[in-house]
Structure formats: structure tokens, C-alpha cells
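Construct all of the structure, not just a fragment, from the sequences and the given hints.
Chains as they are written, first to last, in my numbering: chain A, 1 to 187; chain B, 188 to 356.
Since the hints were derived computationally from the structure, they do not count as laboratory data. A portion of the hints provided could be inaccurate.
A partial selection of chain A residues facing chain B, derived with a Cβ cut-off under 8 Å [unchecked claim]: (1) 9; (2) 63; (3) 109; (4) 123; (5) 146; (6) 162.
Quick list of in silico lysine to any residue cross-link-like pairs, SDA-like style, CA-CA up to 25 Å [said to hold, decoys possible]: (7) 59(A) / 287(B); (8) 119(A) / 106(A); (9) 89(A) / 232(B); (10) 6(A) / 82(A); (11) 60(A) / 221(B); (12) 96(A) / 260(B); (13) 60(A) / 274(B); (14) 225(B) / 89(A); (15) 59(A) / 288(B); (16) 281(B) / 96(A); (17) 6(A) / 264(B); (18) 60(A) / 232(B); (19) 225(B) / 260(B); (20) 60(A) / 287(B); (21) 59(A) / 46(A); (22) 119(A) / 59(A).
Here are the computed distance ranges between Cβ atoms for each label pair [unchecked claim]: (23) 275(B) / 104(A): 43 to 51 Å; (24) 117(A) / 353(B): 32 to 40 Å; (25) 187(A) / 334(B): 22 to 30 Å.
These numbers come from a predicted model, not from an experiment. We treat Cβ as the ideally placed atom computed from N, Cα and C, and that holds for glycine.
One-letter residues, chain by chain:
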Amino acid sequence: MLDIIKQPWPWYVAGPLIGLTVPALLILGNKSFGISSSLRHACAACMPAKIPFFQYEWKKETWNLVFVLGIFLGGMVASHFLANPAPIKVNETLAKELAAYGITDFSAMVPLDIVSWEKLFTVSGVIMMVGGGFLVGFGARYAGGCTSGHAIMGLSTLQWPSLVATICFMIGGFVMANWILPIILNL
Amino acid sequence: MSNSTSEITKEKEHQVRATDAMCINESKQSHQWYYNFKYLIVGVLFGIVFVKAEVISWFRIQEMFRIQSFHMYGIIGSAVLIGALSVWLIKTFKIKTIHGEEITFSDKKFNRGQIYGGLTFGLGWGLTGACPGPLFAQIGVGATVVIVTLLSAIAGTWVYGRFREQLPH
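In C-alpha cells, the structure reads:
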């Protein structure tokens, strides 16, 4: 049984489980699924700086911070007790393309050849980690939500603005992965 | 914590918190702090699924954006399907929370931020291979350098809040 769990889970198991988070949070306490809000609560708690956008009782949203703490712990549990010892099976075309940029280590969830403490102070490392994180945080709040809030919760409740946001997420990702990332990886 | 919300009326406070947020459901009940423990459990289970389905893998996200694998499309698609079905069931049968409260939904209003912000977020997603949820899980599996990415995402959120009035919406 444990051997089966340690294998990578197929999409038709993982997708429905992620979908069930929506009713779970609603039924446990009338909470709407959304993760990037936690970043806003962190700002409101640590550095509100009299900015109106951060002037609210963030303590009322403590559940959201506890939820993301859980995601972090879940990552620890999965990697310590349920880890799959084999490296991830990457699409061959992608593997070939990445090898040309010197990315050959598929053993971790992040590409260790470019995302690591040692690479943090290289040009591509700064762009990937610092730049990428900034775009994610800035963009998610500007759009009013991220993949969880818009693509999953928003689409589940049939909100058309969330469909617009989701389509834009995908366009941005396509442009980055296919046209901009190759330039960055060649730096 | 110089956040002096006491000066602000309750109604206005709710408005601010509701701005561009998905989680604005207001509970009339107040609970002890340990009631939040249930959200920790949901988070842990959710995090495990993230890792085991390789949703938090930079490589899977690259495959998705290059249309080299069905995996992520299957996950997001089936998650939305199950989510929508659950919401429909909750609405149809007026299912209440475990504390007997009514479950409420709020509509999203369209603004151009969803386009500009969405594109910006997409660019970041393609770079980091992680949206905010996976960032937390990646740190959990031991990719500690992702703490930098997370802090940068918080900084991005802060900069948005700071320049919100000047940005087109």
C-alpha cells in the first residue's frame, strides 16, 4: 500500500482531491479557497505602513495563514515519509532542451542547476528567484487572486472575471516559458 | 503591529479587506484560537497532494506551458469540475458549515487588473514554476532557497498595495 502511495499520483487522483479543498474549507468554516491572500495578510501583519490596502484586521484571516503553514508542513511530511526515490520523469523534448542550458539534474522539485543558494547571486538566479517571486506576488494581488483563488475557486463558482484572469495567467506563462525563459537561461 | 484599526469603522474595515480578496467570508461566530487547527489539517493534506502529484515541480509547470504533457491540465480541469460540483451541491441543498452557519459566496467584479495582473502573474509562474501555494510546499520539501522567492512575492504584494492607486484598474 505504502509503495503505491510513494509513486507519483496520477492527475485523476490529485485533481479531484485538490477540488475537494473547496467544499472542505466552506463546510469547515465558510472560508473561500485562496492562497495568495496569505501574502497580503503577511504585509498587513508585518508592514502595513499606513497603506490603506493593508489597513484591516488581518487577525480575522488567521485561518488563511494557518492553512499555508499546513501546506508547508504537508511538503515536509510528503518528502520525509512518502518520497518517491526515483527522479521525476521529464518529457524527452523538454529534457533535451534543458540540457542545452546545462539543466540536467531532475532529482528535485526545483531545477537545482539554476535554483539554489549558490546560484542566488548569478544574473539568471536573481531573475529566476527574486524576479520571479516578485512578479508572482505583485501579479497575484493585481489580478485579485492566484491559481487557487481564480482558477479553482473562481471557476468553481462560475465567475467570469476569474476566467479572464485564468486565461491571462496561461498567456503569461506561455510567453515566459517559450520565449523569455530561453533567453534568461542563456545568460 | 501599529495597525490601529480601532479608528476605522467596522464597515469600512470590511470593505478594505474585501478589496481584491477571495477570502472575505465573515463569520458571525468567534472561536477559540485552536479552532484554526482544522485548517492546518486541510493544509497538510493539500500540501501532500501537491508534492505527490508533482504539482510543485518546476519541470511539470514547464511541460504545461510547452504543451508537452496533459498532467497539469488534467489536475486543474478535474479540480475545477469537482469544485464546481461541490459548490452546486452546497447551494442546491443549502448545506451549512459544521458550526451551523450559512455558507455564503461573493461575486467577483471585473476590472482591468485581472488582465494586467493576470499576465504579470503568468510571467512569474513561468519563471518560478510555482504559484503561491507550491512556494510553501517547495520550502517544506527542503528547497530552502525558495524562501527568497516567497519573501520576494511578499515584497511584490506590498509594492502593489503601495502603488495601487496609481495603477490602471
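Cross-check of the supplied hints:
no., hint, result
1, 9, "5 Å, holds"
2, 63, "5 Å, holds"
3, 109, "5 Å, holds"
4, 123, "13 Å, violated"
5, 146, "5 Å, holds"
6, 162, "6 Å, holds"
7, 59(A) / 287(B), "22 Å, holds"
8, 119(A) / 106(A), "16 Å, holds"
9, 89(A) / 232(B), "24 Å, holds"
10, 6(A) / 82(A), "5 Å, holds"
11, 60(A) / 221(B), "14 Å, holds"
12, 96(A) / 260(B), "22 Å, holds"
13, 60(A) / 274(B), "24 Å, holds"
14, 225(B) / 89(A), "34 Å, violated"
15, 59(A) / 288(B), "20 Å, holds"
16, 281(B) / 96(A), "52 Å, violated"
17, 6(A) / 264(B), "24 Å, holds"
18, 60(A) / 232(B), "23 Å, holds"
19, 225(B) / 260(B), "29 Å, violated"
20, 60(A) / 287(B), "19 Å, holds"
21, 59(A) / 46(A), "12 Å, holds"
22, 119(A) / 59(A), "37 Å, violated"
23, 275(B) / 104(A): 43 to 51 Å, "46 Å, holds"
24, 117(A) / 353(B): 32 to 40 Å, "35 Å, holds"
25, 187(A) / 334(B): 22 to 30 Å, "23 Å, holds"
Violated hints, in rising order: 4, 14, 16, 19, 22; the structure is consistent with all others.
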